[in-house]
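Hey, can you piece these two chains together into the complex? The hints should help.
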Amino acid sequence: MRRVAGLLVIVIFMGLVSAGVGGWCHLEGARQSLSFGFLLIAAYLLGDILSWFRFPKITGYIVAGVFAGPYVSNFIPMDTVVGLKLLDSLALAVIALSAGGELELAGIKRRCRRICWGVAFQVIGVFTGIFLLILAGSQFIPFLKNAPAPVVLSAAGIIGVLSIARSPSSAMAIISESKAKGPFTETMLGVTLIIDVLVIALFAVAVSVALAVAQPDVRVDAVFLISVGIELIGSILIGIALGWAVDYYITRFGAELPVFILGTAFLVTFFSDQFARFLDTFYAIRFHLEPLLTCMTAGFFIRNFTKNGDFFIKRLDRLSLPVYILFFSLVGASLNLAALRQTWMPALLLVIGRSFFIWTSAWLSGRLGGDPPVFAQMAGFSYIAQAGVSLGLCGILGRSFPDWGAAAAVMVVAMISINQLIGPVTFKYALDRVGEARGKRHATGS
Amino acid sequence: MLQTIVGLFILLFISLLGYRKTFVRVPLPAGAKFFFLTGTEFIFIGLALGDQFIGVLDRTTIGHLGPLFSLGLGYFGLVFGLQFEIGKIRRFPRAFVSATAIQAAVTFVWVFAPFLWLLYQIDPAASTVGSALAIGAVACCTSPTMIALIVKESACRPTGAVDLIRYIGGFDTIIGFTLFGAAVCMMHHAPPPLGIDYLPVLQWIGASIVVGIGMGVLLHLLTQVHCAEDELWVFIIGIITFAGGVSLFFGLSPLFVNMVAGITAANLPGSKDRVFVALARQEKPFYIVFLILAGAVWRPGTLLGLVLAFAYLVFRIVGKVLGGYVAVRAIAGEFSVSPWVGFGLLSQGGVAIAMAMDFYLSGGSPLIDVIVAMLVLAVIVNELISPELTQRLLTGAGKGVA
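Chains as they are written, first to last, in this note's numbering: chain Y, 1 to 446; chain L, 1001 to 1402.
It is possible that some hints are incorrect.
Here are some chain L residues pointing at chain Y (derived, C-beta under 8 Å) [unchecked claim]:
1) 1064
2) 1070
3) 1149
4) 1151
5) 1154
6) 1209
7) 1213
8) 1214
9) 1222
10) 1225
11) 1226
12) 1230
13) 1235
14) 1237
15) 1238
16) 1249
Listed next, with one range per pair, are the computed distances between beta-carbon atoms [claimed, not checked]:
17) L:1053 <-> Y:109: 48 to 58 Å
18) L:1267 <-> Y:244: 44 to 54 Å
19) Y:253 <-> L:1189: 45 to 55 Å
20) Y:183 <-> L:1054: 47 to 57 Å
21) Y:109 <-> L:1229: 29 to 39 Å
22) L:1194 <-> Y:85: 31 to 41 Å
23) Y:85 <-> L:1094: 48 to 58 Å
24) L:1055 <-> Y:124: 54 to 64 Å
25) L:1125 <-> Y:406: 22 to 32 Å
26) L:1282 <-> Y:4: 39 to 49 Å
Simulated from the structure, these hints should not be mistaken for laboratory data.
From the three backbone atoms N, C-alpha and C, an ideal C-beta is built for every residue, glycine too.
Just chain L, with the same shape it has in the complex (with noise of 0.2 Å):
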């Protein structure tokens, strides 16, 4: 109890003072800038903080954080959820929404595939098929924060292929966590929720839905009225623990129960601009806490682990690029860009950090350390790279193209 109590403390204690003194621009090269730029320095306080060195956000102190991971996670699916507005989806060409799927869809295989196999290879006892699931959703999902920085880094033009990136950016993490949530319900070994051993994989899905809708409902319910800013801050806090909370008693995926909470919420009739700008606001401290707790349960030595990560950057860049193509080709007829796109979509962020914690929690599969390092390091390299790739994109195509 006391380790957790002090832990919690450090946790919050950093991630507080952290979003204020962080995300600052350091006079380095683009990649190191970005770095910086995107706190992913946070991942190695994390690691200090772990069981592999100081040892006070050990595996079992973070086990006791369960209201902050379902605080946490939820409030990346309700943000994202939000977003979807079919009103407002539609006021993009629909030559965007192909290119989103097509590109997640290309990706997703493309990391899909080779992971069941190497998966299988390694152990063939394990939910080798939801892990492969789980890693290829968390491999379709863009960061939009980041990509969104680096836009504004960069100081580009307005043009099609940065509207094409961006919108690519915050619907391709829907594709994705909605396959994450299906990677999850998959790994389940309870029994199906309506007790008859029939699809039992679709039952759980169901139930993620059922519960989603309901707390969507409830936040439309509670919010639609005008209420006092610290009545929407109990709501939506409210609201998120309470549906992250039968998320993780229920062994479902608290990101993908949120984000239909969000959609649902999003797609009532009534303003929920107020939830979503409030929600908005506290980006940056939940990110940090996300990025700490990743790098807690990181174990970067093992040898597996970076073989691993190695394989999924290279399927992962190949899948982008190969799904940027694709879908570039699909719609040149209603819309031209460079069909190089996905070079722009290689950044990951809190987006891939809250799934590989989702991943981490549901604990259904012994391969869990393995994938959690591959994923964190491979969070820190794209990082890295990314930055400079999107910039050479986005520059060329300011220069004429689309």
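Isolated chain Y (complex conformation) (with noise of 0.2 Å):
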């Protein structure tokens, strides 16, 4: 009862506040500081007493920041979800080394038989499942009723691509909160990853391919592909410097660990957009580092290349609970509920498609790759969740194809909001049935 009693005080204050004189503020930074305190508690407060519920405590605090955000209350205005970014890049950065450090070497090779099999049934699946279904329904989607045939094949592929990417951040905090360990969660944690970096790939093939069927004298670019494949080598190869480099921190100095990382998260964050910045404005080439996979790797590299993996992973753990807070009530906030009213019935026809290309892809490649009966039916309910790379490819999207692009990522950003919401449920409950949620982790606050 403290819970909602304290949730209730700081709503009223919030909304007081907001409701007020609208300030005195003559100090940048007063509002973000003022939602910052109201996110960190807030969300705390209505993930815990959802957790009471058997709801997994992201889904407090998502719902936490939609309910904050400006769509909703206005107690968070656009401007300060925008000005609290930096934070929120810095988190993800946090989440990527978590999630690289929870992937153990002998656990995938023990099962990379299933990885395998899930990684390419999902693409494929996924990714022919939606396609089709895009063609098939072209004439109910408004951006693409009466398009000529290339338009619609070219969106049928990058929605189909788009629906491929999940959110490792997601699974991370799921197994965090629900301490999950075996077989069933190392299968789910290495395919979401692996996905998630097989995705940018992806896009950028079937941007490359959709720009060529759309304009008939435009070649497929060679270049943007190779200078897609350079990034994702190019992060892999600072992941492992930088892995290197905190096993170095660690040996040699090891104090204030837990600020060492989140400098390091901001050294990755803040540099790789710089340095793209610097080659798009001065040579004009657009070549951007990527942070997820860079922390991705740094964090798989220490746990599994050196000697201080579980030291790294323990202090990371002390990091998590904020990290996680703050990171999905952004999330949260960010959530375009205007392009969810927009496009609501096809965004919810194409979430329900791709629930069930997932299931089944899971469910196959489960039954294929010799899973237990209870794995492969839970499977697919641990994909559905969706945030982060596929918001960001959105925004390439529409930028790509100024036709119809912008139309067809609000169609799919309205789709992630609802994955993002539904996704961490689902995956819980999949945790649960198969019994590898073993119960409430101290890290995410339990």
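Here it is, written out as structure tokens:
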């Protein structure tokens, strides 16, 4: 009851502040400070309250963000959400380090065949299914109605690729909260992380092909494809170097590791962004290192190729509670409910279609990979959540195809919003059913 | 944006590196030794980083660091408020309470009155009453950390004088923060919160108290049941930044609002010791951040600032000594200590720096730069002279007074 009372007190306060005179704010950052404090407490409390009803805590964090965000109560206006994006990127980098660190090489080797089956079936099954679904239903989608065949094909291909994307951050948060461990969790995490990397390359291919299909005078842009390949390889190599640097720091100094980790995450996020801007401004080259991949590689390297893996993971765990709260509440605040309102019907159909194809692909790969029946049945529930990478790719979609890209991006964002809300719930359900959820973990504040 | 991020990164890096590597004993004379022991050198690091020299922490960058300010100021306010538990205060002799109040009142009046006149002479259009009130409030405060350090370094045996100085050092800050909160409300230019143009200052003070009590109740609600360490930090940081954000948003004093929150939480039933212990462990990094920021906004070159700093130092020293004298005389029937106890109450340290930064953020006076320069310079000089004077007093007291 104290938690409910606490939540009420802070919501009333925030309501009064927002409804009041609009502030006398002469200091930039005062609103950010207010929003930061509100999200930290309200999201945590709501997550805790929802966990009484067996919902994952991150659902509470997301719902709190949605409620506080610009589309519902406007406690946190859009410019403040944008202002807090640095924290968001920082949190994502920490989560990626954690996700990489969670992957144990021995476990991956043991489950290599199942992971490969999972990736192959998910990529082919979901892509093909959504591609055909869009083709079949193009007359019901506003921006594809009466569109020429090349546009329909291009849109179907790109939306098909975007439907493959997953949310490693949600997966990590649920695994951490449920303290899940075991073959099901290992396979699921492996498949999710690999697909999240693959989707970047696949998206580049899809965009190049779509441009060539839509405009007959344009060929498939090989330079673009090569640059994406270099981006991915470069991110992995920098991740290895970063992992080595962190290991050196732990061995040599060891003190204030959480601060060092935050600093590292900050540097990766910040400099990959600045490097991309520098190349774009001075050399007109579009080249963007993937901070998520860099951090995942670093985490994986530290865990599997150094002696400090366990120490690193334990220290990282201490940071996890505020990181998850901030990240997911900001995800909630950023969810584009206006887009959802505009295109909820096709988006909902896409969600249902995608969930069906995911479940079928996962079930097939599980059966062929020799998993126990319950694993095969539940695997599909683990892959629903989407965020992060797919949202970033939606931005590129809008810019790459000015005629229809923006409208398609709105629909995909709406689909991602729904998936991000239901995905954590279904994943927690799956972990409970396969018996790998071992209870609440300290790191998520239980 | 780029500069803000780089500035923030440098600030955090220095403070986290610094708090392990500084506060060290350097074999130097007493004043200089305490200079390093209290980390005053970080003011000069801040000065170097500020727009007077390197420019990484220029004023625009500092303006963007709102969450850091609300966190830091809120931290100081909450720490002091949490110590004000009436049950614990009652364990000390009642004479200590009277002595604290008398000493603070005399010092305040002694500094407030001449500065009211001085500031009016400099700029009659400025919010002279509010600014003078703020200066008087800063003058009241004593740094309990510095007193504890000096007592520890002096290795003097526990006496009545030591107890009294420590008590006054712990609690005159509460009086100072309260007066300071009122001063910030006096400098407020916005329409009053109730929308009625009647006693607007009182309305703003009332708003500060209501927000503070609300946050205190929230802190109590959330931390009374046992929670894990990381949960506790989520609540503490959340409440401090929220209360600080509300204060900055409405132009109130984050120090005062969080102090009220701390006092409220401290006096509600249940254990708040865990909150206090958790906060106390992080004192040094916060302290360093403020020293650097104070250095960054410091404009030491202004002649007016130097003159005012000299005047402030003189008035404050006299005010403290006189206040201590009057206080000791007033409680002479109940408690006997050296009448020169005021010499032990000169150090200001982080408390004054936090108040200077709060004043800087209030933006209510055109004389902000001069007043901040004056307060920062006074802190530096105080940190050099106060250890020697306190040690002399305590050594004398240890030989048999009280």
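Consistency of the hints with the structure:
Contact between residue 1064 of chain L and chain Y, as hinted, is supported at the beta carbon level, the nearest pair being about 5 Å apart and thus within 8 Å. Because the beta carbon of residue 1070 of chain L sits about 4 Å from the nearest beta carbon in chain Y, less than 8 Å, this interface hint is met. A cut of 8 Å between beta carbons decides the hint on residue 1149 of chain L: the least distance to chain Y is about 23 Å, and the hint is violated. With a cut of 8 Å, the hint placing residue 1151 of chain L at the interface with chain Y is violated, because the nearest CB-to-CB distance is about 29 Å.
Residue-level restraint check for residue 1154 of chain L is violated (minimum Cβ-Cβ distance to chain Y is 31 Å; threshold 8 Å). The closest approach between the C-beta of residue 1209 of chain L and any C-beta of chain Y is roughly 14 Å, which is over the 8 Å cut-off, so the hint fails. Annotation: residue 1213 of chain L was flagged as interfacial toward chain Y, and the flag is violated, the nearest CB pair being 11 Å apart, outside 8 Å. Interface restraint check for residue 1214 of chain L: the shortest CB-CB distance to chain Y comes to about 6 Å, inside 8 Å, so the restraint holds.
Restraint check, residue 1222 of chain L versus chain Y: the minimum CB separation of about 5 Å is within 8 Å; hint holds. Residue-level restraint check for residue 1225 of chain L holds (minimum Cβ-Cβ distance to chain Y is 6 Å; threshold 8 Å). Because the smallest distance between the Cβ of residue 1226 of chain L and any Cβ of chain Y comes to about 12 Å, over 8 Å, the interface hint for this residue is violated. The interface hint given for residue 1230 of chain L is met, as the beta carbon of that residue sits about 4 Å from the closest beta carbon of chain Y, less than 8 Å.
The criterion of a C-beta within 8 Å of any C-beta in chain Y is met by residue 1235 of chain L, whose closest approach is roughly 7 Å, and the hint holds. Evaluation of the residue 1237 of chain L hint against chain Y yields a held restraint, the C-beta minimum of about 6 Å falling below 8 Å. Against a cut-off of 8 Å between C-beta atoms, the interface hint on residue 1238 of chain L holds, since the closest Cβ of chain Y lies about 4 Å away. Annotation: residue 1249 of chain L was flagged as interfacial toward chain Y, and the flag holds, the nearest CB pair being 4 Å apart, inside 8 Å.
For residue 1053 of chain L and residue 109 of chain Y, the hinted distance range of 48 to 58 Å is satisfied, since their beta carbons lie about 56 Å from each other. Under the hint 44 to 54 Å, the C-beta atoms of residue 1267 of chain L and residue 244 of chain Y, about 53 Å apart, fit the expected range. Range check, residue 253 of chain Y to residue 1189 of chain L: Cβ separation about 49 Å, and the 45 to 55 Å hint holds. Remark: the range hint 47 to 57 Å for residue 183 of chain Y to residue 1054 of chain L is upheld by a beta-carbon distance near 55 Å.
Checked against the given bound of 29 to 39 Å, the beta carbons of residue 109 of chain Y and residue 1229 of chain L, roughly 36 Å apart, stay inside it. Here the CB-CB span from residue 1194 of chain L to residue 85 of chain Y is close to 36 Å, well matched to the stated 31 to 41 Å. The hinted range of 48 to 58 Å is satisfied by residue 85 of chain Y and residue 1094 of chain L, whose Cβ atoms lie roughly 55 Å apart. Distance hint check for residue 1055 of chain L and residue 124 of chain Y: the Cβ-Cβ separation is about 56 Å, which falls inside the suggested range of 54 to 64 Å.
Our hint of 22 to 32 Å for residue 1125 of chain L and residue 406 of chain Y is violated, since their Cβ atoms are close to 54 Å apart. For residue 1282 of chain L and residue 4 of chain Y, the hinted distance range of 39 to 49 Å is not satisfied, since their beta carbons lie about 30 Å from each other.
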